[in-house]
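*Asks:* Line by line, the protein sequences are chains S and X. Numbering of the first sequence is given in numbering that gives the first Met the number 0, commencing with residue 0 and proceeding in unit increments. Numbering of the second sequence is given in numbering that gives the first Met the number 0, commencing with residue 0 and proceeding in unit increments.
Source of the hints: derived by calculation from the structure; they are not laboratory data. Source: prediction; values computed, not measured. Just so it is clear, CB atoms sit at the ideal spot from N, CA and C, and this is done for glycine as well. A few of these clues could be false.
Going by beta-carbon spacing under 7 Å, a handful of chain S positions derived as facing chain X [as the list claims (entries may be wrong)]: (1) G53; (2) V54; (3) S55; (4) V58; (5) K59; (6) S63; (7) V64; (8) I65; (9) Q66; (10) Y75; (11) Y76; (12) C80.
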Amino acid sequence: MEQENLRADLQQIADIIEKESHIMEIGCGEGALLAYLSERKNVDGRGIEISQSGVSKCVKNGLSVIQGDADEDLQYYPEKCFDYAVSSQVIQATKHPKDVIQQMMRIANKCIISIPNFGYWYNRYYLTFKGLMPVSKTLSYQWYDTPNIHFSTAKDFEILCDELGYKIEKKIYLQPSGEIVSSPWATAFPNFFSEKCVFLIS
Amino acid sequence: MSKKVKAIFGPEYKEYEVGDIVNLAKKEPLVLDCGKEISNFPIAYQTAGKLNKKKNNTILLCHGLTGDQYFTGRHPITGKKGWWEDIVGKGKILDTDKFFIICMNVLGGCMGSYGPKDINPETGKPFGLDFPVITIGDMVRSQKLLIEHLGIKKIAGVIGGSMGGMLALEWAVSFPEMVHSSTVIASASRHTAQNIAFHEIGRQTIMADPNWCEGKYIEQKKYPAAGLSVARMTAHVTYLSEHGLQRKFDRGLQDRDAVTYGFDADFQVESYLRYQGRSFVNRFDPNSYLYITRAMDYFDLVEAHDGVLSRAFKDISTKFCIISFSSDWLFPTSEAKHIVHALSASAAKVSFVEVETDKGHDAFLLDEPEFFATLGGFIKGVSKELGI
Numbered sequence: 000m001e002q003e004n005l006r007a008d009l010q011q012i013a014d015i016i017e018k019e020s021h022i023m024e025i026g027c028g029e030g031a032l033l034a035y036l037s038e039r040k041n042v043d044g045r046g047i048e049i050s051q052s053g054v055s056k057c058v059k060n061g062l063s064v065i066q067g068d069a070d071e072d073l074q075y076y077p078e079k080c081f082d083y084a085v086s087s088q089v090i091q092a093t094k095h096p097k098d099v100i101q102q103m104m105r106i107a108n109k110c111i112i113s114i115p116n117f118g119y120w121y122n123r124y125y126l127t128f129k130g131l132m133p134v135s136k137t138l139s140y141q142w143y144d145t146p147n148i149h150f151s152t153a154k155d156f157e158i159l160c161d162e163l164g165y166k167i168e169k170k171i172y173l174q175p176s177g178e179i180v181s182s183p184w185a186t187a188f189p190n191f192f193s194e195k196c197v198f199l200i201s
Numbered sequence: 000m001s002k003k004v005k006a007i008f009g010p011e012y013k014e015y016e017v018g019d020i021v022n023l024a025k026k027e028p029l030v031l032d033c034g035k036e037i038s039n040f041p042i043a044y045q046t047a048g049k050l051n052k053k054k055n056n057t058i059l060l061c062h063g064l065t066g067d068q069y070f071t072g073r074h075p076i077t078g079k080k081g082w083w084e085d086i087v088g089k090g091k092i093l094d095t096d097k098f099f100i101i102c103m104n105v106l107g108g109c110m111g112s113y114g115p116k117d118i119n120p121e122t123g124k125p126f127g128l129d130f131p132v133i134t135i136g137d138m139v140r141s142q143k144l145l146i147e148h149l150g151i152k153k154i155a156g157v158i159g160g161s162m163g164g165m166l167a168l169e170w171a172v173s174f175p176e177m178v179h180s181s182t183v184i185a186s187a188s189r190h191t192a193q194n195i196a197f198h199e200i201g202r203q204t205i206m207a208d209p210n211w212c213e214g215k216y217i218e219q220k221k222y223p224a225a226g227l228s229v230a231r232m233t234a235h236v237t238y239l240s241e242h243g244l245q246r247k248f249d250r251g252l253q254d255r256d257a258v259t260y261g262f263d264a265d266f267q268v269e270s271y272l273r274y275q276g277r278s279f280v281n282r283f284d285p286n287s288y289l290y291i292t293r294a295m296d297y298f299d300l301v302e303a304h305d306g307v308l309s310r311a312f313k314d315i316s317t318k319f320c321i322i323s324f325s326s327d328w329l330f331p332t333s334e335a336k337h338i339v340h341a342l343s344a345s346a347a348k349v350s351f352v353e354v355e356t357d358k359g360h361d362a363f364l365l366d367e368p369e370f371f372a373t374l375g376g377f378i379k380g381v382s383k384e385l386g387i
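Pulled out of the complex, with its shape left as it was, chain S reads as follows:
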């Protein structure tokens, strides 16, 4: 399988996962992360993806992926049958994000979740000064056709994890360039200066 460069948040996720882990990716798209992990880290990966074209691409590449829906299909998996449940830029598109996160925590020992941060300064600027719902490279949809129906900020997400009693072991804040937020200002206010964030939860 030919490997292209992974998207920045996927690369961060891939770096966290240990060799030969068992993982489940919810919303695996065309299987970029699963293929990378299987190739480079001999990871035993499974995936759920909602689109037929995505699933077909995955299966064509020899990945164990089922066509299904995060809201519906996670309930069938046994408890703690994976080392990691992973979802990247997907939670915000589910009908019941809280239930999905709980299901992910039920089926795996740890979860890695990446979300778009609605609290990023550009989004705030867009809404405050333009008076329009933010549209950017990451959030490229108009309000009426977006699959992203549950936006949150990084802070919102942390509050939910806290409420559910989950421990956030690691937070990675990313800039649009894919680089990790590093300047002193930005690290002090990551909810303002990061566009995407990756959380490792246990």
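Chain S is already provided as a structure; the job is to place chain X on it using the hints.
*Replies:* Frame of chain S, contents of chain X only:
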């Protein structure tokens, strides 16, 4: 090791050469689910490609209800190309340069394998309804005898559509250590009430034909052509989708400009179905139709595992590919998902795709690029894992 045999077909009792066949269970009988034993019985098969030195490159194809072992080459009776000619061959999805591909006519079938038109040694006459009732499990166990006969310890992939999918599932569940991967297409883990209902209509149609003669038509030199033909017509409708039928025929008239106010085949769809029925009787044995439909009706992996399908897949290392077709109402996606959920519950390796098509159940035998691509990708993965 193998030989060709002649068998009779259709109302005119024409003889055709079928096979190759090999006789199995010579030393020890095969005990069937019904309790009866069979021994030294023939199974007919066809192969393509070569078994490699490691004997790890076998793909076992399992045919559907009225299919047979002729997945490639010319069919001896119909003269048509093999049912998977599109994807089996040099450089094709199931590449005969890589894989040793084998397909067997199922136990109870009529293309050379042991079935109801064979001679009952006790009476010297064709078995008819004295042939033991067989199950999907029996079919699989008879296939296993041939696989072992060939010295194959592990099959790279069992692939089957419709009834063949049931065999592919049963293979993996009964002999997981022998099955590296199982591909289940347009199939289910059990027959639903609706599936059984349609089969019962087919069987009753055959049995209501006076020429069926309580199953002894061969002895009496008769043939329930009308019954078998109508059974086929009914079944054929279940293989197509409403939209597909509409697209193909709409209300088109057959070689006429207006309806004739009679019961001739005015409509194209009528003419088409009559043709399907007529051609079927020339290649299929009516009693085989009864036995094989019964085997499918009895198939229930859920019941066989105390009502919990996932128990069937406990600790299974076989890799699965489940494929359904969006317009298949005979084995709908919901049935495929039932299998997928059970496999998920046992954390088995499974891929699942629902292919968008209006071609209904029969899509698995048709040129459906998305389906072929999915199957091809899965098999490519298998060949990579096994280093074939």
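*Asks:* Does the CB of Y76(S) sit less than 7 Å away from some CB of chain X?
*Replies:* holds (5 Å)
*Asks:* Classify the hint on V58(S) as holds or violated, based on whether any CB of chain X lies nearer than 7 Å to its CB.
*Replies:* Hint holds; V58(S) Cβ to chain X Cβ min 4 Å, cut 7 Å.
*Asks:* Is the interface hint satisfied for C80(S)? The criterion is a beta-carbon contact with chain X at less than 7 Å.
*Replies:* Holds. Min distance 4 Å.
*Asks:* For the hint on Q66(S), does the least C-beta distance to chain X fall short of 7 Å?
*Replies:* holds (5 Å)
*Asks:* Restraint: K59(S) near chain X, CB-CB cut 7 Å. Satisfied or not?
*Replies:* Constraint on K59(S) satisfied, holds at 3 Å.
*Asks:* So, V64(S) near chain X? Judge it on the closest CB pair being under 7 Å.
*Replies:* Holds, because the Cβ-Cβ distance from V64(S) to chain X comes to roughly 6 Å (cut-off 7 Å).
*Asks:* May I ask you to test the interface hint for Y75(S) with respect to chain X, counting a Cβ-Cβ separation under 7 Å as satisfied?
*Replies:* Check passed: Cβ of Y75(S) comes within 4 Å of chain X, closer than 7 Å.
*Asks:* With chain X as the partner, please determine if V54(S) meets the hint condition of a C-beta pair closer than 7 Å.
*Replies:* Because about 5 Å separates V54(S) from the closest Cβ in chain X, which is inside the 7 Å limit, the hint holds.
*Asks:* Would you settle whether the hint for I65(S) is holds or violated, based on the nearest Cβ-Cβ distance to chain X being less than 7 Å?
*Replies:* Because about 4 Å separates I65(S) from the closest Cβ in chain X, which is inside the 7 Å limit, the hint holds.
*Asks:* Do the numbers back the hint for S63(S), that is, is its least Cβ distance to chain X under 7 Å?
*Replies:* holds (4 Å)
*Asks:* Regarding the hint that S55(S) lies at the interface with chain X, is the smallest CB-CB distance below 7 Å?
*Replies:* Cβ of S55(S) sits 5 Å from chain X, so the hint holds.
*Asks:* Go through the hint on G53(S) and say holds or violated, using the shortest Cβ distance to chain X against 7 Å.
*Replies:* Since the shortest Cβ distance to chain X is 10 Å, the answer is violated.
When each numbered hint is compared with the structure, a violation occurs for hint 1 only.
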